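Undergrad: Given two chains presented individually in distinct reference frames, assemble the corresponding complex, making use of the accompanying hints.
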Amino acid sequence: MSAGIISSFLVWAALLSFIFRLKKRPIRLRMLIAAVIAISGIIPLSGLPIPLYIRAGIGDLSIVTQLLLSIYIINSLAGIYSTPARKTAYLQLCAFTLVTGVWFYPTTLGLTYFDPYRFGYITDPMHWMALGYFFLGALTLLLLRSSWTSGILCLATLSFSFGNLQSTNYWDYMIDPVLMVGAIIYLTRDLAGRLKKSPPKKHPRQSF
Amino acid sequence: MGIVIVFSVALANSTLTPAPSHQFSVKHHDMPVFDAPEEASAPPPAYVVTDIEARVINDDSAHLVHAPSVAQLDSGGLIATWWGGSREGGKDVKVFTSFFNPDSLSWDEPIAILSAKNTQTQTLRYIRKLGNVVITQDPEGTLHLFYVSVSFGGWAASAINWSTSLDEGQTWSTSKRLITSPFLNLSTLVKGTPVFYKDGSIGLPVYHEFAGKFGELLRISTKGEVITKTRMSKGKHSLQPVIHVSSPTNALALMRYAGPPDDNGNKRVLQTTTQDAGAHWSKPAFININNPNSAIALAHHNTLGKIGVFNDINTNRYRLKLYTYNQGKQWSPLHSFEDKTSHAQQTKQSDYEKSLQNDVGQYKASTEKKAHMVSRAIENMCENNQCEFQYDYPYLIQDSHNQYHLVYTWNKSAIKHVSFSLTPSTGTKPKNTAKVRNNSPANPTSTLTTENRL
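Chains V and Y, in that order, give the protein sequences. Taking the numbering used here, the leading residue of the first sequence gets 1, the next gets one more, and so forth. Taking the numbering used here, the leading residue of the second sequence gets 1, the next gets one more, and so forth.
Just chain Y, with the same shape it has in the complex (with noise of 0.2 Å):
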């Protein structure tokens, strides 16, 4: 009888708990072309990325820098973050945050915001390493922060912690360890923007790097609690899931491979579908775009309905470029961000330095800073006077004004932003430009139809 009451009591409890919504949160007020079949018979004009300005984000308190994020802020501003430190995993790795001021256009100092130590203070266990971090805003304005952290072991023992902020980044609450898996809570990592539901919570890509590497949708509430979860992929060569959400149902998602190569050597890009808002996901295939085992980014576009920044080539991580996905439902490469094909094979310090110095010549950044730059690369990225080129960790938003902003890891030594539009080849605008909403720099009340707030 005992048994019975027991049961019963657990069985009324989720019972009399409200479903989560069942529908993507989409911001963007224009649909993707190609999910409207009525319009897909008008072409959308060939675009060109226009408005390129590049930025480096990071000072040069840590030696080595990677995996950045990106979020919009009400108040019209960017906010950054990344990990930094000695080397990838050492006990001195910290969380940065830089805030992006859209008067003067350039980025503040960077300020730490997160330790192994105080991780380890506010979530009561010994924590040895931070990861990978991503942040996203809510439709009410509190940041999310999602940050990795290891215990004992390598990545692939990592476990994910929340952080959130009511005042844009300026203080932080106590982290929170996310309990995400049933084995020790071993092997959840982050790396993709997360995504909104209509219920306010948040849908976290997240993937798995223990028994297998696999990817995962988690939704979490508002409040740091796993409210459900959905397997997006099985086995052991896919990871960090990227999701652009197209409709309130439906959502594509793109995944780092990290497989064996098919008859034609080549390593591809896997896709997954969902028409049920991440309740289900179709089998994994592979899209027409290389990856070498490296992350991918995605964001929307009013016309095109999606952009992505991908390494397109099958070993190294030397070229990063953007892709827009055109009207065969195929990707076409549009500009290159980086691209030492020329150098794939690994290049003498001396023509290695060059090469940066020519290019770090075009950012936006101190002369200081620039050299910098270039002798951090030299010593994170030779060895034995052979250098290698290494543009990774894509992460990409598109703002309330249209205008993308793209941050990456470059040679391990700095977080570049790249900040552009996309303008029709024509000189014509885009036809949906119109009913995107026009969000004013000098409006603090603004809101965002970037990516990451679908």
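Only chain V is shown next, with the shape it has when bound in the complex (with noise of 0.2 Å):
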């Protein structure tokens, strides 16, 4: 069995840890209810469990997103709050998502013959050409002082030498279009957030 199927769960356990508030509950409160989200993972409905209706409609997700939802999971049963430096770190892997899913899912879609997708292929000639650009992502990260999101891409890089999704394309361990929507929420919230927080600016006028 891949680890592809796994994803479906955390995106299940992270889904009811962020409805139900885990991180801001009590240390007992938050166990019961983790137990609670455990066991609706794995009751049958209609003889499927429900993370395997999720799987249905989205899928294995990439690497890169179950690790950030393993996290997401891990601190909300921890009560776990991010450093603003690991903030701004998700910030930079988020942007660099959404960069990516801005140029790469329009032509892997069928806009134009180029297709990007088939880079991923490991018997592509030009598969060094996937791996270069997340490289040169994981390097930039690192480069920005976000060792911690740099190592996520390289872990997610690691993962598929090892193939352990059950897809052999590359792209497939690094982005997927739930890690994409993510990414838009994240930083749309962030930038709601500052502008919220910076200072009212003064009309000129309004020193009279």
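The hints are simulated quantities; they were obtained by calculation from the structure and are not laboratory data. As the structure is a prediction and not an experimental result, all values here were calculated from the model. Note that CB positions come from ideal geometry on N, CA and C, so glycine has one too.
Between beta-carbon pairs, the in silico distance windows are: (1) V/Thr112 to Y/Asn13: 24 to 30 Å; (2) V/Val181 to Y/Asp199: 35 to 41 Å; (3) V/Pro106 to Y/Phe152: 20 to 26 Å.
Covered stretches of chain Y, as calculated for chain V (at least 3 residues, CB under 8 Å): (4) 6–16; (5) 179–187; (6) 205–217; (7) 228–235.
TA: As structure tokens, this is what we get:
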């Protein structure tokens, strides 16, 4: 069994952790909710556990998404809040994901004859380009002092070398539409927060 | 430092992986005349369709049937697959197989081998409906079944599943989901006949129907892993590619056209070609055959190079015609398998019934089955006393005796099998026939020269 099937269970757990605001609960209640979440993930509904319905809709998510979901669930369970530095690192990863998705998805969905998804196959002569793209991404994140998110890209690449997912394509380890949507939400929320916190600009006439 | 090591390992991994073969596996011994310029001066004889026999494959267990495919087995018989159920996209749709006995020259009772329920259990995800199915036998004798399933939404949300049989279709392996698209693995469908490469891998023509409609060639290992893929077209107007391989490097693909008509009101079949075994394809161009946004079939012919079956009209699917590829690199009509041009507009139910009864009288099937076909066709194709004729989704193979097997959907109600031969009209045998392997039905180890085993 590939690691891909885990992603739907992670999505289910992360979703319920968010809905129940797990992180903000006292430790005992947190553990109780966590147990309920775990049990809900294996109870069959019309013969299938709920996460396998999620899997039917979104497929197997990338290793990058799976790592981020795992981090979120662990933080929720342990009641850990991200430091400002860690938040900045996630913002940088989100920006990289957004930039990648903006050019990657239209081309892979048939807009052009150029199909970068093809470069994700290990047998493709241009496979080095896909690897090189994420190498530059990881290197940039590292230079921006974000070894945490750079490490996530490295772990996903390592996972590709071990063939942990059912997919044989490198891109499927690094990016997926759920990650893209998540990145957009994270960046938008951050932007909204910044706009809210920034002191209101006074109109020149207000001084009068 | 860590980054460099990780990415170096990944790069080394790709460098050490052997590259797939860049050549098609061409099993037919006779290269088409038009791919051998030195022979082009000798025009091939005109051909006529002979030995036509029409049979019905399905039974009456499914109200609606569609999307048949067929493959010749090493043991000499045929295996056909299709889907059937109460309606298109119904939860009760199943994938059926049936075997053609070369001794009794008849089709066995169909067997339902796959359903949404068992595909769900096998692929570990919710499955709502099943769709198009394609079958082929690889050079080692393993049968490969590629079929479409949908979990949520319409056909645009399809994905491909793969199952194999090591005993010529008696038992099937657990289905495996193929990962073919980066967008939630949505929208890859099958219709065309698979081809083979020299390294044993399978070239599966597929198409997308999500954001656009375009064709691709998937390269799949015999373990069911996607090795690579190539885009055959782009945009929103081309789908269901079918491939004809003419040499280890050259192939031609035709595609169904889903776009608007041209200035003359015609919609035409699209064609693209490759000269590097499918690594790159030319920009699609129209050919001289009309296409009402319907599926196409192609097969090899030892002298003519290729033949095809088309709904060669601009709207509806009331005509199904065999075309040959002639020396002028043009397609010419040769024979009509179905032609209801006189009923191109909607037909009164009484006239429809009479016409169908007349047609089924020529099929090799029991009286009961024929009556059932007609009544099902009326149920499926008539509304308010107005009926339509529909003959579509052709799938064509050439067998080891150079006989052709065409299967197609008959008025959404039957899977029709037409076997035929192409004979030179002069009465002489085609000049290349002697080179073709003579596989007697009595020889169970005979190998194929069919189109789908190129």
